[in-house]
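Trainee: Sequence:
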Amino acid sequence: FGTAMQAGTHPNPVIGYEADTVGSSRTRNYQGVYVNQTIKTANKLGLARSVANFDLMNAQLNIRKTRAQITSRVKNQYFAVLVAQENLIISDALVRFSNEVYRIQVDKLKGGEATAYEPVQLRAIVVQTRANLIAAENRYISAWKQLAAALSVPDMPPVELAGHSDMLAPEIRYQ
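Read left to right, the sequence shown gives residues 21 to 195 (the numbering used here).
Note that these hints are calculated values from the structure, not bench results.
By construction, the Cβ of each residue, glycine as well, lies at the ideal position given by its N, Cα and C atoms.
Among the hints, a few may not be true.
[Unchecked claim] DSBU-like, lysine-lysine: derived pairs with alpha carbons at most 35 Å apart:
#: 1; residue 1: Lys85; residue 2: Lys64
#: 2; residue 1: Lys165; residue 2: Lys95
#: 3; residue 1: Lys85; residue 2: Lys165
#: 4; residue 1: Lys95; residue 2: Lys85
[To be verified] Pair by pair, the computed Cβ-Cβ distance ranges are:
#: 5; residue 1: Thr91; residue 2: Glu133; range: 58 to 66 Å
#: 6; residue 1: Gly66; residue 2: Ser92; range: 36 to 44 Å
#: 7; residue 1: Ala169; residue 2: Glu133; range: 47 to 55 Å
#: 8; residue 1: Met187; residue 2: Thr86; range: 24 to 32 Å
#: 9; residue 1: Glu120; residue 2: Ile154; range: 15 to 23 Å
#: 10; residue 1: Thr86; residue 2: Asp175; range: 17 to 25 Å
#: 11; residue 1: Lys64; residue 2: Ala169; range: 44 to 52 Å
#: 12; residue 1: Val34; residue 2: Val71; range: 23 to 31 Å
All chains should be modelled from the sequences, with the hints used to inform the complete structure.
Mentor: Put into structure tokens, the structure is as follows:
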């Protein structure tokens, strides 16, 4: 704001003393006082103030744009954590479910009620669901770190976030 105000003011006068080769050849040589004043005409001060005001408005617009980008990034990362959080819960439930089904099939095999290939088929599903759980844990950690980075708090420990992935975006105030 100060630059815009200063751009429309008249330049200050310059007053000074100047001496050149004083005392050489026992003469006074060149000595003197001077005054210099730049006078701007043809509305140059008004134009300079207008340019500075546009620069000020562009800077204010950039601030608003940056705030909107940061807010959007935080919202996106917040929802990414919520999705990862829900994916982790579902993956954990699938692991527990597949483990229980596999255990039941093994018990049936031991009791003579099932054939050997049935638990073997389920074993592959159990291994796959465990791998999916590990991937879900990694996605959650990654999403959390990205949210912490968007908030400029990289050391923020993971906590369970409020809300769910299909809710409306919360109002986030920049402050």
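Trainee: Hints broken by the structure, by number, lowest first?
Mentor: Failing hints: none at all.
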